[in-house]
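Asker: Generate coordinates for the entire structure from the input sequences, incorporating the hints supplied.
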Amino acid sequence: MEQDLASLAAAVAELKGSVAATNGTFSETFYFLTIPLMVLIHAGFLAYEMGASRSKNALASGIKNILAFALIVPFFYFIGWWIYWAFPTGLSLSEGAMGISGLAYANDVALPWSQYMGPNLDDRSSGVFWGAFVLFAATTASILSGGVIERIKLTGFVVLAIVLGSFVWILAAAWGWHADGWLVTKFGYHDFGAAGVVHMIAGFFSLGVIINLGPRIGKFNADGSANNIPGHSMPMTLIGLMLIIAGFWGFLMGCVIVPGEAWSWGTEIEATIYGTPMTISGMTFNTLMGFSGGIVGAWMITRDPFWMMSGALGGIISCAAGLDLWYPPMAFAIGFIGAVAMPFVASFIEKRGIDDAVGAFAVHGFLGMWGLLAVGIAAQGYPALFGEDVIETSFMGQLVGVVVMGALGFVPGYVISWLLKVTGQLRVPKEAELLGLDAVKVPASAYPEAIHPSVSPAE
Amino acid sequence: MEAPFEATSWDGITGAIYAGYGSVEGLWLALVLAMVVVAVVLGWRHEKHAYNAVKSKD
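Residue numbers (the working numbering), protein chains in the order written: chain X, 1 to 459; chain F, 1 to 58.
Mixed in with the good hints, there may be bad ones.
[Unchecked claim] Where chain X lies over chain F, by a calculated footprint (3+ residues, C-beta under 8 Å):
1. 13-21
2. 25-39
3. 48-56
FYI, nobody ran anything at the bench for these hints, they're computed from the structure. Cβ coordinates follow ideal geometry from the N, Cα and C atoms, glycine included.
Answerer: Structure (structure tokens):
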């Protein structure tokens, strides 16, 4: 009998070890796969921006996008990951109630010489989580990259991209996308799919930069009226936008905390980054409904394929903050409303003399804001955190989040681009802009045997 | 710069296993930072020369 019990205990122990190994491999692979999926976002932004540029600037736009991605990686290793764990409770570096924040915790898990910041046989999560966050960071830089095409200096842009991707957005994430984040614990801020901490931050940062950068030559006439400056390949732009949307599925996977691991919120069901329960299945309903509503809304208003695909993106962004909570028809309506408003916001910006070449502010800044407010309007009263007697989601909490995200995005973008402007490091010279940036500084040709460079009316 | 443990087998090895763990991280971090700074400065100079060349043609 005793021998049977010992044998059974050994079998159970072996079985438990096997289950743990399988679950560990599953969770590690889950986040690992978010990374190639999110690389699709960057393949998409690359095609999108090159297509939206005139042929004389196509490769320069591509270089800018590739380099931003590459340079964010080391800076996010040096400092970005540490910021995320150090600052959730504000700027005090104190530890939050969940015990996963503050100076000591950040120093332990995220300093670049920490034992967890490289191959470690006891740690199967840090690298894949860090990698997913790097891709979020690179997404913010790509959002900025689109709005500033055809006239920004490469090195000036690189500085802005590093600041946005490795400092600004991750501070926003610490505050509003972390279970110890002060916006969450004090105001019940809810932003499941990063409508605020990624899209709104990047959109408002871009607006600050674009104001200082100024419009492309030929964009505005002497009377202030605007000219359309079409890119050289609308098909490339549209395919790029669809690739971004494909990559969004990886982005949203990265917003989910899987169950069953030591760092998970539970053993049975997926959770948001706040520890609140959700399902990938439920998120799927809402993502597709928001996507669809965005396309239909933009088509109804513009009939333009560029805005239709931007509407697809905008529909998902509009729903992103509450993708874990919406009733699917609600997601369609929120995406539809956002996409209907989006072209008017782009037009409003243009009428102020601001040349946002791809509508980055309208799609990401404005719709990120709409997404946050939509949760405050239609998804109030949910417990905002893991645990008992926690604060609930509310309109006021979302409104505070909107104000913080808007200011945290816009102010650094405006101030740093202004400093670059006054030191002559922001904008290319007029002669280079007119000739085209590819001919000036790129040792390759986008179309050596075809396509005549286009010019805008005022050129 | 070597393995952070002395062993002739992987049996019983746990924790951080990356080369140089606990000893030379600072050196490599400084090297990476220097490489990035040098690359960006050279990129800045390339841009400057390219723009100056266009201006001088006009």
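Asker: All the hints need checking, so say for each whether the structure fits it.
Answerer: Against the structure, the hints come out as follows:
1. 13-21: holds (count 7)
2. 25-39: n = 6 at 8 Å, threshold three: holds.
3. 48-56: The restraint on the stretch 48-56 of chain F holds, since 5 of its residues have a Cβ under 8 Å from chain X and three suffice.
Of the numbered hints stated above, none is contradicted by the structure.
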